[in-house]
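A.B. asks: Add chain A with the ligands to chain H, keeping to what the hints say.
2 protein chains.
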Amino acid sequence: MTRASDKQNWDEFCALLGEIETISDRTQVAKLSQDYYHFSPILQPLLQDKTGDIVVLPRSESEVLKVAKLCVDSEIPLTVRGAGTGNYGQCVPLKGGVILDMSKMNNIVWMKPGLACVEPGVKLAALDKKTREIGWEMRMFPSTYRTATIGGFIGGGSGGIGSITYGQLRDNGNLHAVRVVTLEAEPRIIELRGDAVQNINHAYGTNGIITQLEIPLAPVYPWTELIVTFKEFMNAAKFGQALSQSDGIIKKLVSICAAPIPSYFIPFRDIIPSGEQAALLMVAETSLEPLQELIKNFQGKICYQKSTQETVKGTTIIEFTWNHTTLHARSIDPSLTYLQTLFPADPELKLIQECYDYFGDEVIQHLEFLRTGGNLHPAGLQIVRFTNEARLNEIIQYHEDRGAIIFNPHTYILEDGGMKKVDLQQLNFKQKYDPLGLLNPGKMRGWVDNG
Amino acid sequence: MTRASDKQNWDEFCALLGEIETISDRTQVAKLSQDYYHFSPILQPLLQDKTGDIVVLPRSESEVLKVAKLCVDSEIPLTVRGAGTGNYGQCVPLKGGVILDMSKMNNIVWMKPGLACVEPGVKLAALDKKTREIGWEMRMFPSTYRTATIGGFIGGGSGGIGSITYGQLRDNGNLHAVRVVTLEAEPRIIELRGDAVQNINHAYGTNGIITQLEIPLAPVYPWTELIVTFKEFMNAAKFGQALSQSDGIIKKLVSICAAPIPSYFIPFRDIIPSGEQAALLMVAETSLEPLQELIKNFQGKICYQKSTQETVKGTTIIEFTWNHTTLHARSIDPSLTYLQTLFPADPELKLIQECYDYFGDEVIQHLEFLRTGGNLHPAGLQIVRFTNEARLNEIIQYHEDRGAIIFNPHTYILEDGGMKKVDLQQLNFKQKYDPLGLLNPGKMRGWVDNG
Ligand SMILES: Cc1cc2nc3c(=O)[nH]c(=O)nc-3n(C[C@H](O)[C@H](O)[C@H](O)COP(=O)(O)OP(=O)(O)OC[C@H]3O[C@@H](n4cnc5c(N)ncnc54)[C@H](O)[C@@H]3O)c2cc1C
Ligand SMILES: Cc1cc2nc3c(=O)[nH]c(=O)nc-3n(C[C@H](O)[C@H](O)[C@H](O)COP(=O)(O)OP(=O)(O)OC[C@H]3O[C@@H](n4cnc5c(N)ncnc54)[C@H](O)[C@@H]3O)c2cc1C
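Heads up: the protein sequence lines correspond to chains H and A, in order. Here the first sequence stands for residues 309 to 759, where the numbers follow my numbering. Here the second sequence stands for residues 309 to 759, where the numbers follow my numbering.
So that you can see chain H by itself, here it is in the shape it has in the complex (with noise of 0.2 Å):
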């Protein structure tokens, strides 16, 4: 394969850079072109070899523009990158050029109550440290939280804890504003406001370079972290789907491990009893009462705690949730991989309970409950023992029968990851913006296909 950039001079382009800072070293670049999609021995093959050219560390907005200068000039193109936890290689490029790593622009612009302004390279931590200063705390975050950036979690993320109370990051309301950097001729800022932040709000960073947010904040509760362990998985299941039912216990993560899967948890192996099923859980301290009501009615049993105050130090459960399950599944044995899954809103869970049947020991169940678009459904993470593409295929399609959504992790395409459809509004985006075709180039199915 030729790549557009092949034919650079990267000497030339660092010194056009200026005081910019870059990385060349080769083995630096490569590292940097890489993120966690080898979660998937799908994507595994396609993208190890794949690694940009050069790294490129802006520390401003302006720096931003001056480079997006020099890639349009050049036809350069130009993958940004957070912290590169995404996994499903959204940050990796597949036609090397520049890799503008931002985790350099990581400043708080402004925060008031309810609301942060925030450059997109700062952590999610450590804006949550930040914010909990004045008794405000992140709607939601990645289990990545402590590596990742906000840039990247609007750029390649979804949801997650917190998703349970105040629905997806797509949802209404959980990102106000953006500012947006342009690949065209003439590179310049632009504000989104309003609905028009869906633009690029997960969209691989194919259209824009976001160089600011405005995120909206949540007041600080106290969390308490429980993991309650079940013998019957559909009891903890149920229990999940009850507790995410109870709009008066305020909770920030209800994820539901089926057995074996909590043997992975080295940390907590002594603690759940081998072959139970196990709940992690963060719940306000004073919802604690009612949801220790909750628990017995479903035959659950409290095995571990930790107050807000134990919380700040040593283990969180937070990285055993959401996709951190399958990272602590894969470091035991890494054959194993995974799904993402909207399971139907139902309070009844059929479809779980007939997929817990009929996979047994092929598709672990893993859920983690959350809210989207208004409705809460199960979301299922499930760990899969890997054997061949067309049986990953075959399971994929038995819950696309039954009426799930298959989030599919084993494709690097922004599309084919997500709704399936192309996205026309973020689409007529990249037209307009990014002329072109530089930004990580070859993950819109759209921009693709039309060539």
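Take the hints with a grain of salt, since some may be wrong.
Because identical chains share one entry, a pair is satisfied inside a single copy or across any pair of copies.
Pairs of lysine to any residue, SDA-like flavour, derived with a Cα cap of 25 Å [what the hints assert, rightly or not]: (1) K728 <-> Q553; (2) K614 <-> F715; (3) K546 <-> G682; (4) K539 <-> G502; (5) K729 <-> G750; (6) K546 <-> G502; (7) K420 <-> E445; (8) K609 <-> G681; (9) K658 <-> G681; (10) K377 <-> N414; (11) K438 <-> E593; (12) K609 <-> G682; (13) K621 <-> A493; (14) K740 <-> T616.
Derived by calculation from the structure, the hints in this document are not laboratory data. Model, not experiment: these values are computed from the prediction.
C.D. replies: Only chain A with the ligands this time, still in chain H's reference frame:
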């Protein structure tokens, strides 16, 4: 009708009460025997001549115990009263006897972040004001919050402003504990915690006297009051649905009034264009921007906006929502009455559209969006042009035939106004703790039918 209490010597009774405050003045007692049942032309003739014999105003739990003992000893009916703002005669004594007015037991026992412990007679607005001093507020309150008591809200209410986020009083976690004085041969104090509170929650004071409550709180948001107008009713209704589904927009009230209801709101008459529908909203200040987008999408227009600072004084839109809507309609046209309907959870609002088209001006749509059992529903507090009882029942039947649940406000019987079936838990509780059936006699069908 002979009443159990007719032969009672009330002077003697008062003497035995000692220092406990009483009211015997006939006019005063008659007044304190009434509530807002007159919203119903069916209840009006049934309850208007009902009166207690004496009003007793305890100041402490031990005074309540003393009154309870005296009533048990002489088999005197005892009906508890908060502020008497119930709207189906909940606190109207059907068999005379003692009216136990709890309004003097209005202490806040303690408050901490997220939770308050209070006596039942404290007014909701007063409590809200106090908890706000520590940064917390009532999760939900009725539109009568300025006068209604927390004990009466638990005894006879269901939810209100705030239920769009936290669900209803019955939802898990919205009532932590109650202390209750029993009417056993030897009255005593029992404490109910966890699910056991449901024994007494919305029981019309038929099975125990609440003397203390632990009630969870919500973090304070800066609320903005807004009125948005719409030319088309279904646009207004669907806007209400969409806003209610937006988990990223922080809200406390989503109230939709079809024309001509807004014309009944005297202070807003000149503001709301005649013939239009109005949405009365409370939204957090930081959510105003995404709200505006939603308003635009449904062709709405903001005609009134009151900031947090301003909302502390003057007219509040709260007092034009929930059953205050009915109150304002009836003050313009006393022949109007109302219904209470739980419409199915259906984002398309098909049944609402059908009822709107079918009934026209006879049943004027007034919707309150709320969460209950974890689901979002539009609740109807429709304004009904009353002709006769048969027609009212036809209207009710029409709704029920199509899957709506009517919480009939034209009956003073607990079960008939509610889920239409005897609550065995509450009935058993009454059998145990009020074996003589002295508490608010005639209101619990399960008890009446058992003789
Ligand atoms: C173990 C594990 C657990 C995870 N759990 C979750 C989870 O709970 N929820 C969830 O949503 N995700 C989850 N993820 C995915 C990922 O960690 C998050 O979405 C994270 O927020 C990505 O942030 P990042 O800084 O690492 O972004 P990157 O991976 O660096 O980038 C992600 C995408 O955003 C684009 N991008 C980055 N910065 C910008 C910018 N400034 N402007 C425009 N585009 C930009 C990139 O081009 C790329 O396409 C998980 C991943 C792993 C490996
Ligand atoms: C205009 C209007 C609007 C309204 N809006 C709403 C609304 O939005 N939501 C809603 O839920 N209700 C509403 N209501 C009904 C009512 O105002 C509320 O439920 C209110 O909270 C009742 O409180 P109260 O103190 O007036 O109770 P009361 O009317 O005095 O009593 C209500 C019931 O509770 C019992 N009770 C009172 N105190 C105790 C106690 N200490 N122990 C045991 N039982 C007790 C009484 O016996 C009675 O059965 C409305 C009524 C009107 C007239």
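A.B. asks: Could you run down the list of hints and mark each one as holding or not?
C.D. replies: Right, here's what the structure says about each hint:
{"no.": "1", "hint": "K728 <-> Q553", "verdict": "between (29 Å within a copy, 23 Å between copies)"}
{"no.": "2", "hint": "K614 <-> F715", "verdict": "neither (33 Å within a copy, 43 Å between copies)"}
{"no.": "3", "hint": "K546 <-> G682", "verdict": "both (20 Å within a copy, 13 Å between copies)"}
{"no.": "4", "hint": "K539 <-> G502", "verdict": "between (47 Å within a copy, 23 Å between copies)"}
{"no.": "5", "hint": "K729 <-> G750", "verdict": "within (16 Å within a copy, 61 Å between copies)"}
{"no.": "6", "hint": "K546 <-> G502", "verdict": "between (37 Å within a copy, 19 Å between copies)"}
{"no.": "7", "hint": "K420 <-> E445", "verdict": "both (11 Å within a copy, 20 Å between copies)"}
{"no.": "8", "hint": "K609 <-> G681", "verdict": "between (32 Å within a copy, 24 Å between copies)"}
{"no.": "9", "hint": "K658 <-> G681", "verdict": "both (21 Å within a copy, 19 Å between copies)"}
{"no.": "10", "hint": "K377 <-> N414", "verdict": "within (22 Å within a copy, 69 Å between copies)"}
{"no.": "11", "hint": "K438 <-> E593", "verdict": "both (22 Å within a copy, 21 Å between copies)"}
{"no.": "12", "hint": "K609 <-> G682", "verdict": "between (30 Å within a copy, 23 Å between copies)"}
{"no.": "13", "hint": "K621 <-> A493", "verdict": "neither (49 Å within a copy, 55 Å between copies)"}
{"no.": "14", "hint": "K740 <-> T616", "verdict": "neither (48 Å within a copy, 41 Å between copies)"}
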